[in-house]
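There are 2 protein chains.
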Amino acid sequence: MKQSLLFAPTLRDMPKEAEVISHKILLRGGYIKQGAAGVYTYLPLGYRVIKKIENIIRYELDNIGCSELLMPSLQSKDLWVESGRWDAYGKELMRLSDRHDREFCLGPTHEEVITSIVRDHVKSYKNLPLALYQIQTKFRDEFRPRFGLMRGREFIMKDLYTFSSTQEDLDEWYLKVRKAYQNILDRLDLKYRIVRADSGNIGGKNSEEFMVLCDIGEDTIAYSDESEFACNVELMDLKEGDPSPDGKGTIKLAKGIEAGHIFKLGTKYSEPMKCVFVDKDGKSKPIIMGCYGIGVSRLLMAVLEQHYRDDKAVWPEEISPFEIHIIPLDKEGTPAYDKALEVLQKLEAKGYDCLFDDRGESPGSKFKDADLIGIRNRIVVGRKASEGIFEYKNLANDNTIEVTLDDLMEMEF
Amino acid sequence: MKQSLLFAPTLRDMPKEAEVISHKILLRGGYIKQGAAGVYTYLPLGYRVIKKIENIIRYELDNIGCSELLMPSLQSKDLWVESGRWDAYGKELMRLSDRHDREFCLGPTHEEVITSIVRDHVKSYKNLPLALYQIQTKFRDEFRPRFGLMRGREFIMKDLYTFSSTQEDLDEWYLKVRKAYQNILDRLDLKYRIVRADSGNIGGKNSEEFMVLCDIGEDTIAYSDESEFACNVELMDLKEGDPSPDGKGTIKLAKGIEAGHIFKLGTKYSEPMKCVFVDKDGKSKPIIMGCYGIGVSRLLMAVLEQHYRDDKAVWPEEISPFEIHIIPLDKEGTPAYDKALEVLQKLEAKGYDCLFDDRGESPGSKFKDADLIGIRNRIVVGRKASEGIFEYKNLANDNTIEVTLDDLMEMEF
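Those sequence lines, one after another, are chains P and R.
In terms of this note's numbering, the first sequence opens at residue 1 and continues consecutively.
In terms of this note's numbering, the second sequence opens at residue 1001 and continues consecutively.
Hints listed in this document are in silico derivations from the structure and should not be mistaken for laboratory results.
Careful, some of the hints might be misleading.
What the hints assert, rightly or not - List of simulated lysine to aspartate or glutamate pairs, EDC-like, C-alpha gap at most 16 Å: (1) Lys91(P) <-> Asp1098(R); (2) Lys1384(R) <-> Asp1311(R); (3) Lys1126(R) <-> Glu402(P); (4) Lys91(P) <-> Asp1101(R); (5) Lys51(P) <-> Glu271(P); (6) Lys1346(R) <-> Glu1271(R); (7) Lys123(P) <-> Glu1361(R); (8) Lys1051(R) <-> Glu68(P); (9) Lys1051(R) <-> Asp406(P); (10) Lys346(P) <-> Asp281(P); (11) Lys52(P) <-> Glu1068(R).
Based on the provided sequences and hints, a complete structural model is requested.
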């Protein structure tokens, strides 16, 4: 796409409100823009990354047999009274009344809604299991929103709910989703650990968190660099350098980011909300549920906390907003610019997602913006263009080499 | 995908709340489910259609140089006071306060937000034009929500905003978007007319509506079946059978569905909100805006009002929730069922999106559900499966023929 039409308002100065590197990169690169405290617009670059993350999630969940739907944000008070959470949830629940003075909340999570849908239609063990998910904007009135997308009041979440007739079936789904989550985080090139967790106000006895290892976030994780061992430091008194309890390697500490959370809910919602089925033995029983969340918008920050170089983004391959950035240094109408257009056309024909800097800016200004945006592969069409020679730079290793069009055609980006 | 895991709760009885055919089909086919008045869940089948419609819209808008972003639903009161709409919008605007008693509304439209973003970053004519759109959940507290997705309180809309430095540039964008809208509605196989419209509380002098011709909806359109002539009957006193004012054909009447609306806003928002740029002549001027909406969720109903047969959906090719429905009549483990699996595998390998009825239901029950769901192409693997013969039915013409696997491999669905 032409960069003149991409709205990516880069900031030359360091924004004051950003305390952490990922937030700085997102603001300076023109990825996001704050509307109110904890409320953001995803500008075109940011939304491209979000959509790529969403599609990875969709792929991995569909692959294990989940179905996507979309539930409403407006949830009626009645449902939350049934589950007992209307009072329990406190001030984080955003509440409003309609013109007829009926009370609603804006969904921070959807256990009540999905349970009410399933109870209306599932009657028999024959209709089970079900695994239903959505990718949706959620609302939570945080007392103190912070770190940009880390703890927002309006954010994008993927929430999945499973419905089983037996505990064994729930256990199976739990493991399948756990593996799908691992695939998702692996594809995002994240270093993370799975830790046992406190279930908060979602409920249920068994839950695990997927903690991305980095120094922002709300929890401190003790982990071994040489095994999968990890736990919340509040559970075990471990210090940096201690031997790992599993005998493999030594302990490191990180304030981790919670990227995902999986719960065995059991019958916490199905019992009070009377979401029941008739089992093989003819008896009516509450459906056994699981719920599984991924903080989609938060992942933008988690990824950047682990993927940057000299304060610039180095996006993992699968989620770079564009795959290739083509930068002609000369202006439109020159032979070098036409050469750049030829490069664009040939790379697009190979299926690559290219951003083409067609603006009439100076080379210095173009480079500055390209650095702030941080697209992984960069091709500069500059002074040797007439000889058919271009510069190729990979931001991941910061190497620049001279290439011909033939070279580019043979490369894999 | 396996039908046992697709949550499509079909209804055997005609739902009482549905007054129009499209709403009946969506409810009976398990496409949508009401949460509260005017608030719906898009169940997996409905959401598949929505996503296909969204991707058609994305393709056509990206193609003319628009960029997608995502703005927040929570909009602060201040912005709406600046534009003068906080008071003007009335009870349809859903309002709420956060825990610090700051006032917000839930966006029914985003002129204020996009204008505030653009004014912060666009300084010069060199940064223009821009064309920014989003596909997003909107909120409008309708006094009397009705006809299912036709007039909801929470609904999906595509809204596009253009920013130009000259009136000529706005005119050009307006025509480009108008053509893109025509492409979108053509791909949805809709019969529609473009009519001059009243701009309501969006503002601006010039606007046109894309009215899908059918007998539900809020407006009555007089149109000629033999030309592009159309107008709102409130503007010209025309009756069914009158000669068309353009001399081509005779007049027909329909209560049309507004699928799209395009506006030349001019400086209605940029002036009060001080969204200005420095022009070539060094003078500061308000940016000239356009805005363009498509009712995405409403399109589900508009399409069905024109595409059904015997009270069953016949989805246009590009947006059928699945392309092919494969129905084995025998149970899992039988040779006929394995034959059906082979058909599935080969069609999926060709890239087709297939729904496979793996459930242990009776043939009668499977056919009933298949009719209610209404996937365009149906392959039944029944009693002649052992001879390698299957039944193929196209819902569009209701024809059933016998085919072999070789025949299926050569067909285009």
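Worksheet item: Taking each numbered hint in turn, which are not upheld by the structure, reported in ascending numerical order?
Response: The structure breaks hints 2, 3, 5, 6, 9 and 10; every other hint is satisfied.
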